[in-house]
Each structure stands twice: as C-alpha cells, then as structure tokens.
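There are 2 protein chains.
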Amino acid sequence: MNYSTMTKQQLAEELRKLREKYEEAKLLGLKLDMSRGIQDKDQLDLTQEMLTILHGGSDCISENGIDCRNYGLLDGLPEVKNIFSDILEVPAQNIIVCGNSSLNIMYDTVARAMLYGVGDGYEPWFGRKIKFLCPVPGYDRHFAICESLGIEMVNIPMTSEGPDMDMVEKLVSEDDSVKGMWCVPKYSNPSGIVYSDRVINRIASMKPAAGDFRIFWDNAYVVHSLYGLPAKQLNFFEELKKYGNDDMAYIFASTSKISYPGAGVAVIASSDRNIAYIKNIMKIQIIGHDKLNQLRHARYFGSYEGILRHMEKHAAILRPKFDCVEETFEKEFSGLGIAEWSKPEGGYFVSLNLQNGCAARTYELLADIGVKITPAGSPLPYGKDPNDSNLRIAPTFPPLSELKTALNMLCLCAKIACAEKICSERE
Amino acid sequence: MNYSTMTKQQLAEELRKLREKYEEAKLLGLKLDMSRGIQDKDQLDLTQEMLTILHGGSDCISENGIDCRNYGLLDGLPEVKNIFSDILEVPAQNIIVCGNSSLNIMYDTVARAMLYGVGDGYEPWFGRKIKFLCPVPGYDRHFAICESLGIEMVNIPMTSEGPDMDMVEKLVSEDDSVKGMWCVPKYSNPSGIVYSDRVINRIASMKPAAGDFRIFWDNAYVVHSLYGLPAKQLNFFEELKKYGNDDMAYIFASTSKISYPGAGVAVIASSDRNIAYIKNIMKIQIIGHDKLNQLRHARYFGSYEGILRHMEKHAAILRPKFDCVEETFEKEFSGLGIAEWSKPEGGYFVSLNLQNGCAARTYELLADIGVKITPAGSPLPYGKDPNDSNLRIAPTFPPLSELKTALNMLCLCAKIACAEKICSERE
Numbered sequence: 382m383n384y385s386t387m388t389k390q391q392l393a394e395e396l397r398k399l400r401e402k403y404e405e406a407k408l409l410g411l412k413l414d415m416s417r418g419i420q421d422k423d424q425l426d427l428t429q430e431m432l433t434i435l436h437g438g439s440d441c442i443s444e445n446g447i448d449c450r451n452y453g454l455l456d457g458l459p460e461v462k463n464i465f466s467d468i469l470e471v472p473a474q475n476i477i478v479c480g481n482s483s484l485n486i487m488y489d490t491v492a493r494a495m496l497y498g499v500g501d502g503y504e505p506w507f508g509r510k511i512k513f514l515c516p517v518p519g520y521d522r523h524f525a526i527c528e529s530l531g532i533e534m535v536n537i538p539m540t541s542e543g544p545d546m547d548m549v550e551k552l553v554s555e556d557d558s559v560k561g562m563w564c565v566p567k568y569s570n571p572s573g574i575v576y577s578d579r580v581i582n583r584i585a586s587m588k589p590a591a592g593d594f595r596i597f598w599d600n601a602y603v604v605h606s607l608y609g610l611p612a613k614q615l616n617f618f619e620e621l622k623k624y625g626n627d628d629m630a631y632i633f634a635s636t637s638k639i640s641y642p643g644a645g646v647a648v649i650a651s652s653d654r655n656i657a658y659i660k661n662i663m664k665i666q667i668i669g670h671d672k673l674n675q676l677r678h679a680r681y682f683g684s685y686e687g688i689l690r691h692m693e694k695h696a697a698i699l700r701p702k703f704d705c706v707e708e709t710f711e712k713e714f715s716g717l718g719i720a721e722w723s724k725p726e727g728g729y730f731v732s733l734n735l736q737n738g739c740a741a742r743t744y745e746l747l748a749d750i751g752v753k754i755t756p757a758g759s760p761l762p763y764g765k766d767p768n769d770s771n772l773r774i775a776p777t778f779p780p781l782s783e784l785k786t787a788l789n790m791l792c793l794c795a796k797i798a799c800a801e802k803i804c805s806e807r808e
Numbered sequence: 382m383n384y385s386t387m388t389k390q391q392l393a394e395e396l397r398k399l400r401e402k403y404e405e406a407k408l409l410g411l412k413l414d415m416s417r418g419i420q421d422k423d424q425l426d427l428t429q430e431m432l433t434i435l436h437g438g439s440d441c442i443s444e445n446g447i448d449c450r451n452y453g454l455l456d457g458l459p460e461v462k463n464i465f466s467d468i469l470e471v472p473a474q475n476i477i478v479c480g481n482s483s484l485n486i487m488y489d490t491v492a493r494a495m496l497y498g499v500g501d502g503y504e505p506w507f508g509r510k511i512k513f514l515c516p517v518p519g520y521d522r523h524f525a526i527c528e529s530l531g532i533e534m535v536n537i538p539m540t541s542e543g544p545d546m547d548m549v550e551k552l553v554s555e556d557d558s559v560k561g562m563w564c565v566p567k568y569s570n571p572s573g574i575v576y577s578d579r580v581i582n583r584i585a586s587m588k589p590a591a592g593d594f595r596i597f598w599d600n601a602y603v604v605h606s607l608y609g610l611p612a613k614q615l616n617f618f619e620e621l622k623k624y625g626n627d628d629m630a631y632i633f634a635s636t637s638k639i640s641y642p643g644a645g646v647a648v649i650a651s652s653d654r655n656i657a658y659i660k661n662i663m664k665i666q667i668i669g670h671d672k673l674n675q676l677r678h679a680r681y682f683g684s685y686e687g688i689l690r691h692m693e694k695h696a697a698i699l700r701p702k703f704d705c706v707e708e709t710f711e712k713e714f715s716g717l718g719i720a721e722w723s724k725p726e727g728g729y730f731v732s733l734n735l736q737n738g739c740a741a742r743t744y745e746l747l748a749d750i751g752v753k754i755t756p757a758g759s760p761l762p763y764g765k766d767p768n769d770s771n772l773r774i775a776p777t778f779p780p781l782s783e784l785k786t787a788l789n790m791l792c793l794c795a796k797i798a799c800a801e802k803i804c805s806e807r808e
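Chains C and X are the protein sequences, given in the same order.
Counting from 382, one number per residue, gives the positions in the first sequence under this note's numbering.
Counting from 382, one number per residue, gives the positions in the second sequence under this note's numbering.
Think of the hints as simulated: they come from the structure by calculation, not from any bench.
Worth double-checking, as some hints may not be accurate.
A pair counts as met if it fits within one copy or between any two copies, since identical chains are not told apart.
To be verified - With a Cα cut of at most 20 Å, we get these calculated SDA-like pairs of lysine to any residue:
| no. | residue 1 | residue 2 |
| --- | --- | --- |
| 1 | Lys512 | Tyr497 |
| 2 | Lys510 | Tyr497 |
| 3 | Lys694 | Gly438 |
| 4 | Lys660 | Glu528 |
Based on the sequences and whatever the hints tell you, model everything.
See below:
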C-alpha cells in the first residue's frame, strides 16, 4: 500500500514494525560495503595470466621495436592504441596511452587548461571565472576535480536519454564562462543511462560561446555491458568533425574495470590538434608511461574481440548482482510510492531516488547498522543534493549473499526514513 | 703540446691532420648514441625475474592486507615505503610511493604550487613572478619544467662540493620571488659532484625571504655508486629539522636506474605537513598508483640491502664504460689545454668542459658523422650555455666497443673545434 495514502494510524503501525526489524538488524553486527564501484575477487582473478605474460628479454619488445623496459614512447604502444582505437572508434593516431588511471588523465587535462589554456591562442583558465556543466546525478570524482580547482559547477538534470539538452545548449551558447561539461555517455555513473544518438548529435553540433569550451567525455563503461554486446552509439568523434567541432572534446577510457582497477591502462583521445598540444606539454611532465604494463595488456587481450570475450566473463559475475538489486527493490518498494530506481544494462551502479528529504537519513540509518553505501549527496556537485533524494548503489564488490543482506537493510532503512518523513509532515 | 702555445704553423698542421681523420670518419657511416642516461640491454636483463614474481590471487596481497590489484592506498605500499625509508634515511610515514616517474612527481609538485600554493596560507604561484635557482650544469628536464611554467631561472655555478652557497644564500635570503631551487645532491647530473656535508648544512640552515621557498632535492642517484658503497652524506631531512626548516624541501627518488627506466617506482618524501597537504590534493587526482608494480619491486628487492647488492651488478656493467671515458679523455686531451672533465664516482654522466665557444661546434661536427650526444647547452637553463663550453657525456647506453668509437670521435671533433677557435682568434 502506498505510504502517502495510508492513514496516520496505519503509517504509525508500519513504522513500529520497521523499527522492530531495525532493532533486530542492529544486533547482527553487520559490516557490509556497497559504497564504491570496484571489482570483486572473482573478477580480479579473471586476468590472472596477464601477470606472468612477459618474461624479459626480446619478450619486452613492442611491435614497433621499442624495448618497453627502457625510457621513451611518450604516447604509448601502437598495439594498445589499436585496441582502444577499436573500442572507442577513434583513429589510433588520435590516442595517447598513459598510466593506470583515467582520473589522473582527466585531472591533468583540466589542470593543463588552468595552467596553459586548451590550445594555442587560448588563455589559461587560472584566475578566471570558469563554469562546468554537470549532468546529475553524476560521478563524484569529476565534481571533486572542479571543486578542487575552483571551477563553478552547474547542475544539469538527466533525462532517460542523457543530459537535458535544451538547458545545455542554452548555457553553452550564451555564457562564455561555460568552459566544460562532464559526460559519461554509456551506462552513465550512477544512473546507467545510455546517451541516445539524438543527444550525442546535439552535443556534437553545439555552437559554444567560448572557443575554449571542452567536453570531458568519460567513456568509462564503453564495453561494460551486462546483457549481450555493448550498446551501439553514434560515433561521437566523427560527429564532432561533421560540425567543425573536432577540438571540442577529450575522450577518456581505461581498463580499470576490464583488467585491474589498480593496475590497468588508461587513454585520452582527441583531435590531431589537441593531441599534438597535449603531447607538447606532457613531454615536460614525463618521459613515458609504464610500457611494460601496456604490453602486458596488448599481449593478454590481443584485440578488441579479445576484450569483448573477456567482458562476457565479467558480465557473468556481475549480472546476478544487478538482478538481485532489481528483484529486491521490486519486492520491497513496489507500490509504496517512495522509490524509483534505474535498471542499467551495463556499468557499475544503480541510482535510487527516494522521496525528497529521505536520502541522508537513509544513509545514516544504514551506517548505524554497519552497512556502508556511497554518502548521500555524493553524486551531486559539492556533495549537495538539493532534493536529498538520490542514493548511489554499487552492487559489484560484495559477494552475492552479503549483497542480499545489504540491499534488504537498505530497503528497510529507506522505508523507515520515508515513513518518518510522511509522519512528520502530517503533524 | 698545449694548443694555445703552438705556433700558427704548428696549429694549422694539427688542424690539417685532424680534418683528414674527420674525413675518414665520415666514410664509416656511424650511428652511435651517447645522448641520454639510460640503461643498456645487459642492465635491463638484471631484473628479469621481477617480471614474473607475482602470480595472482593471495600473492597480490600487501603486508597490510591490501589486494594490490584493486583500487586504493593513495600513498603506496608500506613495504616499498620501508625500502625507500632506508635508501633516503627518511621515516616511512614521510614518503608517498607513486608511479613510474619521479619527473612526473616533480612536475606535479611544481604544478601544484602554481595552482594551489605550497601549503595552507600560501598563495598559488600562478601569475606571479617566480624564480628558481639552478645549479649549472644541471638536468635539462628540471629546467624544462620551469621554462614550461614560466618560472624564471637563475644560474648558480657549481663548485667541487655543490652549488656556490654564498650566491645561493644571498639570493634566497634577499629576494622573496626566489621560490625554488633544484638540487641533485649525489653524483649530480651531469658533473657527478657529491654535495659536501658543509654544503648540505648550509642549504638546510638557510633563512629564505619567501615562506614558500622550496628545495627540489632530486636524489636520482642516491645508491648509484660505481666504486663500492654509495657515498655517505649528511642526513638532509634531519638537518632541515634542526633549523626549523622541516617544510622547506621535497625529496625525490626512483628505481628508474635500479629496476626499469620505463617501469620502475618513484617516490616523494617530505615533512608531515607537506605530505598531508600533497595527499589532500593528490586524492583528487588519482585513486592510487600501480600497486602491483610496487609489490613486484618490494618482493624482488626485499630490502635496502637487496637494493645495494643489485646496484653492485649495475656498477660492474657501468664501471668499464666510465673507465673508458676517463682513459680516452686522459689520452686524447691531456696536455692540450682545451678540456677539463669530471671523474664521477657514481651516477650516469660525465661533464666535459671545453675551451669557451667550442661546445656547439663540437656537437655539430659529431652529429655530421653520425654520433649523437646531448645537445650543447642542454645542461643549462633555456638551453643556453653562456660560455658555450659544456657537453654532457652519457656513456651508459652504448656497448663498450661502440662507446670507444664514439668517444674517440668526440675527442677528434672537440680538438677540431678548439683548434679552429684558436686559429680564428689569432687572425
């Protein structure tokens, strides 16, 4: 029965029962973690043979004859570029292969714009009023980069097919202090939304007021489907070219959730001009990234097809966990009118929207019985959810049995928070 | 016979003979490289077993129970901190273990100062007049960081025991736009000079005009001795504390010339306050560096003693090459009055000072017969050697037989350049 149509007495009785269960749960001494999108142990074991794939000597020579143990090759191994070229549908020459962290590349890309500007003829952003558009809910670490560097963030609501493009187009075309926009175009963090071709076309065809407006296209989950092949999307890189917007975007990806979160390889892709500009500054920063680890990846996966085959193994491990979220939410929340949630086809998260004003309380209740989720507000700029309604669920790390318990506790706490809210509003 | 005391005729005859040899050399079609301080193939093979030392599963767990394959542990593995703690004589808690490049850490440390300032209460350096003191000759990549970020460089002459401290103290204490100083304290690049305890004490006890003056102490060759154990120096970290200058320095080191130039691990060490400040910004930039590679290093080397034993193997390969430089220079230059050179006890370079005005010409003559050395001027800020006298010799990479040829060619070209110079001056 819908909480909001319950009588005062019915709701009080419901709340009493929920609190009884909560007191019982307290006694269990739980210690469960659904807070971050990380691989579980079984996933980590999938790539085991990669660890010993290089044996030294001639084994460490890349296909262009470079000894990967030594210095050099700023932009990375051609064999890794080729794989990411297929993954991202971007020419290999437009890719730089870096170290183990795409977050690091994104931070450095923003920092570079602050210190030098985004290209020849553009001023450094430092000391100026800079705004970034942030589709919400989104990835907390994107927002942390902006906050750290004093970049003002503007919330953009997400629709079921991507950011609200009417709002984006208006802001980008009218305000030349709008210099950036974060996008996670496929299996978006945390909603799982796949940007539609219509949205991608509208993004690629924008006419920004600022010549140095840049899109940070974080394709973190580009091959991370749960059911079958990855979703097919309009080629953003090519689409940009159609509108003469070649330089308008930086594209990022990594193997953090393909091989190892701590020891994968990450790339940036962009126009010829942007890549040349980046390399010209990057060469001051580093002689070359870890090519041995790049070579391990190339040898182990071999090709895009090899990556896809490998992702099926990840999906087999993750599917039951995402199914468990859907089933539990459906069973526990259905008909209560207090919760809506995403049903992602890929990625690492489920986005849960509770009745307004109930997310922080739910987080708090959960924490008190030993269940850790991403803090309420985290998926929004400055950690502030104006509706206090969104929670990010990261179901991948805990084993299935623990996940079930954690999800039941989450539902219990969410119900308590919502019932309390409705009660208090009636007083 | 000394070139400067030769008669005009004697010198002309000498030059004729040299040029004859040069014409012969041209026909050899040489392709030799003494340009960068990199390991040769035999050195790269020394660490071969490290490549397959991790097999997956429980093997990948650090001593503090972290699965190194997954995310986390921003400041690196305790076992690697412990080894660097012994190498640098700095407490483990004052160390952050990063990725494969100390250059990257140094760049990021300067960039962080530009964007945020060096600590709470200090202004960002961006947009202000910032000067760095640069002992010369020095490391070209240090100077490139300054040039790239618009930092003005001030040349400081090197004495046999380190930078000219009278000049350093005066500038640091009187000019509050002096914010930094580069130091390679042991087996300095390129001169091989080991800073004396007296110099280290004077550096540590300075009273800078700028509260945000910082020393960039690049201890790149801390264990890289050629003959016996590494030189023992005053503990800089402890010395800073004595004078209340705890926060005044960042210390850098790496295994680039211990394990692999392209795939080692690098660290930064500093005061408690600096480390906390750095981590607080670094956590925005990256979740954690490659811990699997850190673990490989810890497992393979085991301890500081393990590192020292390993460095003996490097020294055994490198000693004949450095001996060859010394013997060739002694044989070819002795008594001519045109060249002085360093006789390093460690590190990767020999610094050659020719008669003023002869370095660029020597470089050019060498390039034309297929012998590559570091471009003249490179070891000085802005690539400009005011005396046009210094050349950096990097003897480690070529096999001994090639090195011998390359060195003979270098001596030939240097003699031509100097003889030409003297002739032209007499006209």
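Here is how each hint holds up against the structure:
1. Lys512 / Tyr497: both (17 Å within a copy, 18 Å between copies)
2. Lys510 / Tyr497: both (15 Å within a copy, 16 Å between copies)
3. Lys694 / Gly438: between (32 Å within a copy, 17 Å between copies)
4. Lys660 / Glu528: Between copies only: 16 Å across chains, 26 Å inside a chain, cut-off 20 Å.
In summary, the structure agrees with every hint in the numbered list given earlier.
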